[in-house]
Amino acid sequence: MALIEFENVAHSYLRSPARMEDYALRPMNLAWQHGGAYALLGPSGSGKTTLLNIISGLLRPSAGRVLFDGRDVTDSSTVQRNIAQVFQFPVIYDTMTVFDNLAFPLRNRGVASAEVRSRVSEVAEMLELTDDLRRRASGLAADEKQKVSLGRGLVRSDVSAILFDEPLTVVDPYLKWRLRRKLKEIHKRYSVTLIYVTHDQGEALTFADRVVVMHDGSVLQEGTPQELFDTPTHRFVGYFIGSPGMNFLPCRLSADGAEVAGQFIPLAAALRSKAAQATGLEIGIRPEAIGLKGSGKGLAVEIGDVVNLGTRKVATCRLGEHEIKVVVPPEQPIPSERGVLEFNPAMTRLYADGRLVG
Amino acid sequence: MRLTLENVTKTVREQPYLYDVNLDLVSGSFNVLLGPTQAGKTSLLRLMAGLDFPNSGTIREDGTDVTLLGVRKRNVAMVYQEFVNYPSFTVYENIAAPLRRAKRLAAPQVDARVRATAQMMHIDHLLQRLPSELSGGQQQRVALARALVKEAPLLLLDEPLVNLDYKLREELRRELREIFRHGATTVVYATTEPQEALLFGGNTVVLDAGRVLQSGPALDIYHCPATIRASQVFSDPPINLIRANIDPQGCRLSPSVAFPLAPHMRALRPGDYRVGVRADHIGLTGHAEYGCLIRAKVELAEINGSETYVHAGHGDFQMIALLQGVHEFGLGDEIDLYLDPRRLFVFDGAGDLVAAPGENAGGTGAH
Chain A
1 MALIEFENVA
11 HSYLRSPARM
21 EDYALRPMNL
31 AWQHGGAYAL
41 LGPSGSGKTT
51 LLNIISGLLR
61 PSAGRVLFDG
71 RDVTDSSTVQ
81 RNIAQVFQFP
91 VIYDTMTVFD
101 NLAFPLRNRG
111 VASAEVRSRV
121 SEVAEMLELT
131 DDLRRRASGL
141 AADEKQKVSL
151 GRGLVRSDVS
161 AILFDEPLTV
171 VDPYLKWRLR
181 RKLKEIHKRY
191 SVTLIYVTHD
201 QGEALTFADR
211 VVVMHDGSVL
221 QEGTPQELFD
231 TPTHRFVGYF
241 IGSPGMNFLP
251 CRLSADGAEV
261 AGQFIPLAAA
271 LRSKAAQATG
281 LEIGIRPEAI
291 GLKGSGKGLA
301 VEIGDVVNLG
311 TRKVATCRLG
321 EHEIKVVVPP
331 EQPIPSERGV
341 LEFNPAMTRL
351 YADGRLVG
Chain B
1 MRLTLENVTK
11 TVREQPYLYD
21 VNLDLVSGSF
31 NVLLGPTQAG
41 KTSLLRLMAG
51 LDFPNSGTIR
61 EDGTDVTLLG
71 VRKRNVAMVY
81 QEFVNYPSFT
91 VYENIAAPLR
101 RAKRLAAPQV
111 DARVRATAQM
121 MHIDHLLQRL
131 PSELSGGQQQ
141 RVALARALVK
151 EAPLLLLDEP
161 LVNLDYKLRE
171 ELRRELREIF
181 RHGATTVVYA
191 TTEPQEALLF
201 GGNTVVLDAG
211 RVLQSGPALD
221 IYHCPATIRA
231 SQVFSDPPIN
241 LIRANIDPQG
251 CRLSPSVAFP
261 LAPHMRALRP
271 GDYRVGVRAD
281 HIGLTGHAEY
291 GCLIRAKVEL
301 AEINGSETYV
311 HAGHGDFQMI
321 ALLQGVHEFG
331 LGDEIDLYLD
341 PRRLFVFDGA
351 GDLVAAPGEN
361 AGGTGAH
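Going down the list, the protein sequences come from chains A and B.
Under my numbering, the first sequence has 157 at position 157, and the numbering climbs by one with no breaks.
Under my numbering, the second sequence has 330 at position 330, and the numbering climbs by one with no breaks.
Looking at chain A on its own, in the form it has when it is part of the complex (with noise of 0.2 Å):
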């Protein structure tokens, strides 16, 4: 258990890094509350593995120092920090049964026997794993073995965090549920810190107390669920959030609010005076805060390819040039060629060359 923070930590994989670019990751100040369940958010690329290791003590960083419990870790080892580890695909030893590869990270720190069959058939029981604890682990399906490996994270109780590195990848979205379902029963029974690393804004939304959102080496968002959803603080954030994501539209500031290819948003008072210097500015809105109707006050659009996903519909509208998604109801009916959009004011953001206003 730990406090986790980074001190102007920078990693580059050159030997002489000169531009800002030679980073992978950028100069950056964190902090990793003891017993948080963070998502790290971001494409491939973007250095959140990076960070992930430097966490664990699998890299050491080129600058800045990493502190545990205002300790400085940056030199010590995986081991010395006490973090648990599970990664993308299963790492588990074949030859040795489930219950041999659970008790395994137990045995190897010569916990007691007794201790180590308590905690295994613990873990075994809340992945559902009991009944498989004497088969040897070659004989487990891909996603079985996902589990086994996930026990081997959880198994311990005196980590000071455990990391996870795309660990639902390989399981189909049916087991995501469950295996998603069984981490977070585990963080609130044992208010262990758990960092999970993923390209996957709905897993990481549902997973986590709070996302860290990463692009091109840096942090660019670090909040609840809900405040990157309702209030991304860059186009990045807002493009990266939601399926489908935040839609942008190149606006002019007008007398009471602003223009989109002609045609009138209202925007507040106070919004429109803090951007009236800036420049690039667009409005911001999620596809979930759009009405639509078949006539009446509001955008006038004409109205594309309706996909409908079960349990929402997403319509593909046009303004002049720009293309406007919107999420309805899967019952609701929606006009064919032309419609009405109307934007939830209370959802409608402005950004000024990519950056929030306000």
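Each hint should be verified, as a subset may be incorrect.
[Unchecked claim] Now the in silico label distances, taken between C-beta atoms and shown as ranges: (1) A:216 to B:88: 28 to 34 Å; (2) B:73 to A:170: 30 to 36 Å; (3) B:105 to A:227: 53 to 59 Å; (4) B:13 to A:125: 32 to 38 Å.
FYI, nobody ran anything at the bench for these hints, they're computed from the structure.
Where a beta carbon is used, it is the ideal one built from N, C-alpha and C, also for glycine.
Put chain B on the given structure of chain A with help from the hints.
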């Protein structure tokens, strides 16, 4: 190309991989092969490609028996999960390779086709690069371009987006959808994700444990899964399945939960059944006439920014409810959930569907 499989069976080392598969894929159709890991999707694609041969049964292309014809003698293109490109060839040469091998086109035509396909996949600015200089998403675009450039009448895609970032998948799905919308190519796209089947919206073949469970338009199967297993394979979040007893007075789910039969359930014989209800058909408010109240204990609430997934238990069954908006619940909170009986699927003891709601049953939904 019309592709027909008749009573196709495949066994590997006495392990049955595919049982008695019958499929008729019409020319120019987009077909999604939906099933969990190890359902037999890859085995089936390999038979379609001529990479493997069935133990029994017949495969026909436009009526001609090709069952034992190898891949080199068939006109088929295939894309795999892993990014498969020639590492020492430039992107341009990778895309051109299938055309050069076929030797049917003159050089200027090859050049025109390579450039047009690269443009379609948005990699025309990368033609002189080597695969190792590309990101994963770009590498898979090259593999897709190489499959498309042949203009083969049959294109097989084996979970082609599974190794890509979530957002890249979103983009590529959308592009592929556009590309195949009006094409003459017969496409078979294998996936584990129900959302992909709905998104592509073509013909869906539900495969599980080596058997075809159901096939038809994606939404039709979603609204009318023929069996419990088909309903499970075709749901994300998982469909809620609850034991039920039905008699003329009503339907009982537990000692404290019962409701009058909805119209589509009234012809059922009294007895034991299982009812299936999708997560988005359980809500916090009930319909005045048709609501069914379930008092449940919250086990977990997952919030994704705009929706809340509530995992809750009642007696011996558990449910996942998908609620619009953000709702905070604590572990162990007692909440009232309502399901709308008009939205229930009813399955008999054998797991076969015996009653299904219409597509727009329940009007505007449970919440």
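We went through each hint and held it up to the structure:
1. A:216 to B:88: 28 to 34 Å: Once the Cβ atoms are compared, 30 Å apart, the range 28 to 34 Å for residue 88 of chain B and residue 216 of chain A holds.
2. B:73 to A:170: 30 to 36 Å: Given range 30 to 36 Å: holds, Cβ gap about 35 Å.
3. B:105 to A:227: 53 to 59 Å: holds, 55 Å
4. B:13 to A:125: 32 to 38 Å: Holds - the Cβ-Cβ distance for residue 13 of chain B and residue 125 of chain A, about 35 Å, lies within 32 to 38 Å.
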